[in-house]
Amino acid sequence: MDRIPILRMGPFLLVTIQVDLYDRLALTLESDLVQMVNKTGARGVLIDISAVEIVDSFMGRIIGNIASMSKILDAETVVVGMQPAVAITLIELGLPLKGVYTALNVERGMQLLRSMIDLDEDQDEDEETDE
Amino acid sequence: MMVISLSKDVMRIIKDQDVVPFRNRVKEKATKIKMGLVNQTKLITAASELVRNMLKYGNGGEIVIEVVSRGRENGVRLTFKDKGPGIADISLAMKDGYSTGKSLGLGLPGTKRLVSEFDLKSEVGKGTTVMIIKWANG
Ligand SMILES: Nc1ncnc2c1ncn2[C@@H]1O[C@H](COP(=O)(O)OP(=O)(O)OP(=O)(O)O)[C@@H](O)[C@H]1O
Ligand SMILES: [Mg+2]
Chain S
1 MDRIPILRMG PFLLVTIQVD LYDRLALTLE SDLVQMVNKT GARGVLIDIS
51 AVEIVDSFMG RIIGNIASMS KILDAETVVV GMQPAVAITL IELGLPLKGV
101 YTALNVERGM QLLRSMIDLD EDQDEDEETD E
Chain H
132 MMVISLSKDV MRIIKDQDVV PFRNRVKEKA TKIKMGLVNQ TKLITAASEL
182 VRNMLKYGNG GEIVIEVVSR GRENGVRLTF KDKGPGIADI SLAMKDGYST
232 GKSLGLGLPG TKRLVSEFDL KSEVGKGTTV MIIKWANG
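First to last, the protein sequences are chains S and H.
For the first sequence, our numbering begins at 1 and goes up steadily by one.
For the second sequence, our numbering begins at 132 and goes up steadily by one.
Only chain S is shown next, with the shape it has when bound in the complex (with noise of 0.2 Å):
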């Protein structure tokens, strides 16, 4: 069966979705992507879209479980690359993607990773410097 590849970056961990999803492949990677994030304390998850031409509530609501169940695991999600014709066309179409950031690209999409885990970091810091 076909498989959309998990890369692992650091703190981080990195999909690229290069095909047409079709629902099983989608739902394939959703839940591979939850175990990996369990498996490997992951603190975020970068979903490369660039390449994605069409997001219709489907695939909207695959993103968006993908962040609310990682959200849970303590990792945040940030979508990264969407075209503009698909920006606009989600607004039309009304779907929100609650608990989504976005970036413009991978590089941003990790600055922004960081800086929220860098908050997180600095937070516990501030409690261990208590002691």
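Everything labelled a hint here was simulated from the structure, so no lab data went into it.
Among these hints, one or two may not hold up.
[To be verified] Here chain S is said to cover these stretches of chain H; the calculated rule only asks that three of the stretch's residues, wherever they fall, bring their Cβ under 8 Å from a Cβ of chain S: (1) 144-151; (2) 166-175; (3) 226-236.
[To be verified] Okay, derived cross-link-like pairs now, DSS-like style, lysine-lysine, Cα gap no bigger than 30 Å in a straight line: (4) 98/S to 243/H; (5) 187/H to 158/H; (6) 98/S to 158/H; (7) 98/S to 226/H; (8) 252/H to 71/S; (9) 243/H to 233/H; (10) 98/S to 139/H; (11) 233/H to 98/S; (12) 187/H to 252/H; (13) 163/H to 252/H; (14) 71/S to 98/S; (15) 139/H to 165/H; (16) 233/H to 71/S; (17) 226/H to 146/H; (18) 139/H to 233/H; (19) 252/H to 233/H; (20) 212/H to 257/H.
Bear in mind the structure is a predicted one, so any value in this text is a computation, not a measurement.
Each residue gets a CB set at the ideal place from its N, CA and C atoms; glycine is no exception.
Given the coordinates of chain S, work out where chain H with the ligands should sit on it, guided by the hints.
Just chain H with the ligands now, kept in the frame of chain S:
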């Protein structure tokens, strides 16, 4: 003004793997009539919503893919026909957020917003037919 059909293809949809080839066919037609990228994306997204409904609620069906013209305008017309259970209350089904499938309920109202023309006919126990047109410059 009359809508004239210039070409006509029929595709049967029975499983979720049929969705991608169908979307590709729609893209081919849209490109042929020089539809811009944003309109193409809207059309294919709408088509994707309707084909999913057809699979999820209508047990699959048949889609007629046409290139049509009206005066100087060219467009793509898609007609989705299934022999599923039909829709009892169409105006309810067209509401944002209404879903019997524990989903977002965005497919039908969202599709209507994305296309130039939208027509839904349904008879309980007989099936559902949805017709959409997206004009190249619409
Ligand atoms: N072809 C169909 N045959 C029978 N019922 C349908 C069909 N298409 C839609 N419906 C009914 O209309 C409702 C609304 O459809 P719509 O596509 O707007 O939302 P959804 O499919 O439930 O959710 P979403 O599309 O956001 O995932 C469906 O829940 C279903 O009850
Ligand atoms: Mg739907």
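The hints, checked one at a time:
no.: 1; hint: 144-151; in the structure: holds (count 4)
no.: 2; hint: 166-175; in the structure: holds (count 6)
no.: 3; hint: 226-236; in the structure: holds (count 3)
no.: 4; hint: 98/S to 243/H; in the structure: holds (23 Å)
no.: 5; hint: 187/H to 158/H; in the structure: holds (23 Å)
no.: 6; hint: 98/S to 158/H; in the structure: holds (29 Å)
no.: 7; hint: 98/S to 226/H; in the structure: holds (20 Å)
no.: 8; hint: 252/H to 71/S; in the structure: violated (41 Å)
no.: 9; hint: 243/H to 233/H; in the structure: holds (20 Å)
no.: 10; hint: 98/S to 139/H; in the structure: violated (40 Å)
no.: 11; hint: 233/H to 98/S; in the structure: holds (17 Å)
no.: 12; hint: 187/H to 252/H; in the structure: holds (17 Å)
no.: 13; hint: 163/H to 252/H; in the structure: holds (29 Å)
no.: 14; hint: 71/S to 98/S; in the structure: holds (12 Å)
no.: 15; hint: 139/H to 165/H; in the structure: holds (18 Å)
no.: 16; hint: 233/H to 71/S; in the structure: holds (22 Å)
no.: 17; hint: 226/H to 146/H; in the structure: holds (27 Å)
no.: 18; hint: 139/H to 233/H; in the structure: violated (35 Å)
no.: 19; hint: 252/H to 233/H; in the structure: holds (23 Å)
no.: 20; hint: 212/H to 257/H; in the structure: holds (11 Å)
Violated hints, listed in ascending order, are 8, 10, 18; each of the other numbered hints is respected by the structure.
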